[in-house]
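Q: Chains as they are written, first to last, in this note's numbering: chain A, 16 to 253; chain B, 9 to 214.
Since the hints were made in silico from the structure, they are not lab data. Glycine included, C-beta positions come from ideal geometry on N, C-alpha and C. It is possible that some hints are incorrect.
Unchecked claim - With a straight-line Cα cutoff of 30 Å, these simulated DSS-like cross-link-like pairs (lysine-lysine) come out:
id : chain 1 : residue 1 : chain 2 : residue 2
1  : A       : 29        : B       : 51
2  : B       : 165       : A       : 29
3  : B       : 149       : A       : 175
4  : B       : 118       : A       : 29
5  : A       : 184       : B       : 149
6  : B       : 130       : A       : 175
7  : A       : 175       : B       : 165
8  : A       : 175       : B       : 60
9  : B       : 60        : A       : 184
10 : B       : 118       : A       : 175
11 : A       : 33        : B       : 49
12 : B       : 118       : A       : 33
13 : B       : 143       : A       : 184
14 : A       : 175       : B       : 143
15 : B       : 37        : A       : 29
16 : A       : 68        : B       : 60
17 : B       : 96        : B       : 60
18 : B       : 159       : A       : 184
19 : A       : 175       : B       : 37
20 : A       : 33        : B       : 143
21 : B       : 198       : A       : 33
22 : A       : 68        : B       : 165
23 : B       : 130       : A       : 184
24 : A       : 33        : B       : 96
25 : A       : 29        : B       : 96
26 : A       : 68        : B       : 96
27 : B       : 198       : A       : 184
28 : B       : 130       : B       : 96
Unchecked claim - Partial selection, computed: residues in chain B whose CB lies under 10 Å from chain A:
id : residue
29 : 97
30 : 100
31 : 181
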Amino acid sequence: MFAFNEGLDSAIVKPVAKGYEAVLPSPIRTGVTNFFANIDDLFIGVNNLLQGKIPQAFNDFGRVAINSTIGLLGVLDVASEAGLEKHEEDFGQTFGRWGVGNGAYVVIPVFGPRTARDTVGLVLDVAADPVANHRPKRTRDVALVIRTISDRANLLPADKVVEEAALDKYSYMRDAYLQRRRNLIHDGNPPRDVEASADIEPLAPLASPAEAVSEPRASVSGAPILALQADSTVVTSQ
Amino acid sequence: MKFLFALFSAVLIAGSASAQELAPDVLIKNVTNEVLDIVRKDKDIQSGNTRKAIELVEAKVLPHFNFTRMTQLALARDWRQANAAQQKALTDEFRTLLVRTYSKALTEYKNQSIDFRPFSAKPGETDVRVRTEIKQSGAGKNIELDYFLEKSGTAWKVYDIEVGGISLVTNYRESFASEVRNNGIDGLVKSLQAKNKSGEAASVKK
């Protein structure tokens with residue numbers, strides 16, 4: 016599935032995103048990004064509410080109120096300039112906050128890396144997505160395509176860095192995804208992984224996920240699901 | 009009047025000598041500002057000249073990094089399996105890989121501003137985290153860019169960098185471990201060499 020996504024990306028999505036980046040001037044691209052980011056803020060607020068982070072939720076709803084009006088339907092992000100910070104939340108993170116573990120790591124067609132928990136979250140994200148629920152369908156489809164291209168174009172710089180860095184792209188993406196999600200769930204303050212800072216002698220739990228990924232290329236050749244209990248490597252420091 | 013210039017130079021030299029004892033947050037701030045100032049003025053780096061970015065990183069950033077420690081962390085328990093020569097080879101290759109990655113990231117820099125978050129360390133602390141944030145233009149969430157430093161002697165050295173919570177060092181752990189399991193330490197050295205060679209070839213082409 017990873018190979019399928021890579022193929023889809025390099026054959027269609029990435030070239031289109033590159034064209035988009037080449038043709039449109041940067042202020043317009045920023046406007047498009049802002050427009051969709053404003054729509055996202057609504058459910059980011061809902062997820063913050065569900066996680067019990069009330070001030071953050073009000074911050075997010077405030078952003079929607081300001082950007083949808085003064086910000087000309089979200090095209091201008093005036094809220095950020097007014098000090099209302101942009102957040103990043105989704106249902107997967109809410110479940111994580113509630114204590115649901117990662118589960119198996121999977122690569123989903125089109126959507127890419129997810130954990131089992133985040134896959135369930137994704138289903139809810141899509142179900143709640145105002146863009147995907149928009150009618151008539153024709154406008155919705157156009158909006159979805161533009162959003163995908165815009166999102167992809169924003170990732171082009173990161174792309175080049177990953178190509179430069181990854182020894183094995185599949186496992187590099189997987190581990191980066193897992194670290195990123197862990198960081199997001201803890202809002203940037205995850206407990207520090209003990210053996211990262213203390214000693215090169217790993218703690219016992221490290222052995223199990225290492226065994227589980229003994230064949231990192233397996234998924235490229237067709238097995239999409241890879242058991243990985245990433246949470247078991249996490250040991251709270253101090 | 010010449011003596012004034014000499015005095016001025018002496019102060020400068022004294023200044024850079026005591027730079028060794030800079031607080032970790034001041035060190036990060038100085039290096040970041042210095043490097044980004046250069047990138048902002050350098051059209052070659054902005055247009056993707058990785059080679060030039062690498063020269064910059066080697067001159068300004070490398071001295072503040074502890075690559076042996078980084079390699080040790082990425083290898084985890086396999087580090088002890090490696091003999092001294094292998095450890096050196098691994099460190100050299102990993103350094104090349106990280107420097108190229110970091111340099112590539114610099115060529116993608118687009119005038120974002122960096123926020124230095126408040127820093128406080130207890131006296132006597134020898135392992136700290138300095139937090140910075142890259143401010144995105146438009147409605148992007150800021151990207152956290154954190155540096156982990158260790159005090160060795162009088163100087164602070166960076167041993168890990170986290171971008172948005174992703175450690176540039178420990179992110180290699182699983183792929184290194186599986187390479188060592190399948191092909192041994194030398195296998196890992198070889199695949200790092202191959203990776204660096206292809207990266208080198210790609211940057212020459214540019």
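Q: Evaluate each hint against the coordinates.
A: These are the hints, each one checked on the structure:
no., hint, in the structure
1, A:29 / B:51, "holds (26 Å)"
2, B:165 / A:29, "violated (38 Å)"
3, B:149 / A:175, "holds (20 Å)"
4, B:118 / A:29, "holds (20 Å)"
5, A:184 / B:149, "holds (25 Å)"
6, B:130 / A:175, "violated (39 Å)"
7, A:175 / B:165, "holds (27 Å)"
8, A:175 / B:60, "holds (17 Å)"
9, B:60 / A:184, "holds (26 Å)"
10, B:118 / A:175, "holds (14 Å)"
11, A:33 / B:49, "holds (26 Å)"
12, B:118 / A:33, "holds (17 Å)"
13, B:143 / A:184, "holds (27 Å)"
14, A:175 / B:143, "holds (20 Å)"
15, B:37 / A:29, "violated (35 Å)"
16, A:68 / B:60, "violated (46 Å)"
17, B:96 / B:60, "holds (26 Å)"
18, B:159 / A:184, "violated (33 Å)"
19, A:175 / B:37, "holds (26 Å)"
20, A:33 / B:143, "holds (23 Å)"
21, B:198 / A:33, "violated (34 Å)"
22, A:68 / B:165, "violated (36 Å)"
23, B:130 / A:184, "violated (40 Å)"
24, A:33 / B:96, "violated (40 Å)"
25, A:29 / B:96, "violated (39 Å)"
26, A:68 / B:96, "violated (48 Å)"
27, B:198 / A:184, "holds (17 Å)"
28, B:130 / B:96, "violated (34 Å)"
29, 97, "violated (15 Å)"
30, 100, "violated (15 Å)"
31, 181, "holds (7 Å)"
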